[in-house]
Amino acid sequence: DIQMTQSPSTLSASVGDRVIITCRASQSISGWLAWYQQKPGKAPKLLIYDASSLESGVPSRFSGSGSGTEFTLTISSLQPDDFATYYCQQYNSYPRTFGQGTKVEVK
Amino acid sequence: QITLKESGPTLVKPTQTLTVTCTFSGFSLSASGVGVGWVRQPPGKALEWLALIYWNDDKRYNPSLSSRLTVTKDTSKNQVVLTMTNMDPMDTATYYCGHTILARKFDNWGQGILVTVSP
Numbered sequence: 001d002i003q004m005t006q007s008p009s010t011l012s013a014s015v016g017d018r019v020i021i022t023c024r025a026s027q028s029i030s031g032w033l034a035w036y037q038q039k040p041g042k043a044p045k046l047l048i049y050d051a052s053s054l055e056s057g058v059p060s061r062f063s064g065s066g067s068g069t070e071f072t073l074t075i076s077s078l079q080p081d082d083f084a085t086y087y088c089q090q091y092n093s094y095p096r097t098f099g100q101g102t103k104v105e106v107k
Numbered sequence: 001q002i003t004l005k006e007s008g009p010t011l012v013k014p015t016q017t018l019t020v021t022c023t024f025s026g027f028s029l030s031a032s033g034v035g036v037g038w039v040r041q042p043p044g045k046a047l048e049w050l051a052l053i054y055w056n057d058d059k060r061y062n063p064s065l066s067s068r069l070t071v072t073k074d075t076s077k078n079q080v081v082l083t084m085t086n087m088d089p090m091d092t093a094t095y096y097c098g099h100t101i102l103a104r105k106f107d108n109w110g111q112g113i114l115v116t117v118s119p
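First to last, the protein sequences are chains P and W.
Just so we're aligned: 48 in the working numbering is position 48 of the first sequence, and the numbers increase by one with no gaps anywhere.
Just so we're aligned: 28 in the working numbering is position 28 of the second sequence, and the numbers increase by one with no gaps anywhere.
Just chain W, same shape as in the assembly:
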């Protein structure tokens, strides 16, 4: 059974850097084809794809945010970390991580973490 869970701060100040950790079980991020991606959703709005990291450490970012995003993995800890710099109130959203094979469908999602950006 695949499970994922996001953790991190729920409140950050403008200009700060957000670090969100996705801790997962039930799969290995060393296995060929496996990836973990990040999606966010502002309150009442649609889903937005942010980034993805593959089993081989290949990374993909949404170009609209790529200058602010970094995704890394720690295979031994079964964790993926998303960092987003220079946070703004417009970045207030629920941040989800998800399991994917070959970066296609997200077949399993974390519960999400609501991050509020406010002074």
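If we strip away everything but chain P, and leave its shape as in the complex, we get:
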């Protein structure tokens, strides 16, 4: 299985901050990576796919980059609605695997 490791596990930030979350794959996954946002008690929501493509309807302050084994999710200016947990997921090979999550909390 491909292991996905996110860092940090928890991130304390303020509204307006630039936030960067990293996801590393245990082997190359090319650009086959998605990012999801999840709020308590809710299903995950797709933000980014194919490493850098913005899902329709997702604010442009979210962006993704990377290829191979290292990827980042950037929130350019954190908004109150963005406090949540973020997960990366690889779909290069089976089984699909998720990172352990990064919780973005209020500083």
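Just so you know, the hints here were simulated from the structure itself, not pulled from any lab data.
The structure presented is a predicted model; accordingly, all values stated were derived computationally and were not measured.
We treat Cβ as the ideally placed atom computed from N, Cα and C, and that holds for glycine.
Accuracy of the hints is not assured; some may be wrong.
Said to hold, decoys possible - In silico DSSO-like links for lysine-lysine, alpha-carbon gap of 27 Å or less:
#	chain 1	residue 1	chain 2	residue 2
1	W	45	P	107
2	P	45	W	5
3	P	42	P	107
Said to hold, decoys possible - With beta-carbon atoms standing in for the labels, derived distance ranges:
#	chain 1	residue 1	chain 2	residue 2	range
4	P	55	W	44	25 to 35 Å
5	P	76	W	75	36 to 46 Å
6	W	114	P	1	40 to 50 Å
7	P	57	W	116	16 to 26 Å
8	P	107	W	75	43 to 53 Å
9	P	107	W	46	19 to 29 Å
10	W	44	P	24	17 to 27 Å
Unchecked claim - Partial list, derived from the structure: chain W residues whose beta carbon lies under 8 Å from chain P:
#	residue
11	43
12	70
13	103
Since the structure of chain P is provided, determine the placement of chain W on it from the hints.
Okay, now just chain W, sitting in the frame of chain P:
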């Protein structure tokens, strides 16, 4: 508009078999490339990919659970069913189904169903 909704028991006993149904609308599981997958999330923990069924009835399972999982589809009813045998308290989790094209990103998710395994 794509929607999915999970249904099934919210409480099962250890050793029992869990059957969860995903009822969907807004797409056809007969269309080329379409798939429905299952993901679970224990309380306070990360997401875990379980299984997927394709439009052509091809199926993929997480090897760590493959001996216990079965996924089937009923295209006429717009339903996908996940069964998990020999349930254990460690299987307590919210179970989600999701829509995917070519088993890549999950672009639409159900609301999830919390299943508790307890005597």
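Hints versus structure:
1. 45(W) x 107(P): 22 Å, holds
2. 45(P) x 5(W): 15 Å, holds
3. 42(P) x 107(P): With a Cα-Cα distance of about 23 Å, the restraint between residue 42(P) and residue 107(P) holds, given a limit of 27 Å.
4. 55(P) x 44(W): 25 to 35 Å: 26 Å, holds
5. 76(P) x 75(W): 36 to 46 Å: 43 Å, holds
6. 114(W) x 1(P): 40 to 50 Å: 26 Å, violated
7. 57(P) x 116(W): 16 to 26 Å: Violated, since residue 57(P) and residue 116(W) (Cβ atoms, about 34 Å apart) do not stay within the stated range.
8. 107(P) x 75(W): 43 to 53 Å: 49 Å, holds
9. 107(P) x 46(W): 19 to 29 Å: Cβ of residue 107(P) to Cβ of residue 46(W): about 23 Å, so the range 19 to 29 Å holds.
10. 44(W) x 24(P): 17 to 27 Å: 23 Å, holds
11. 43: Where the cut-off is 8 Å and the nearest Cβ of chain P is about 11 Å from residue 43(W), the hint is violated.
12. 70: 16 Å, violated
13. 103: Hint holds; residue 103(W) Cβ to chain P Cβ min 6 Å, cut 8 Å.
Figure legend: structure checked against the earlier numbered hints; hints not met, in rising order: 6, 7, 11 and 12.
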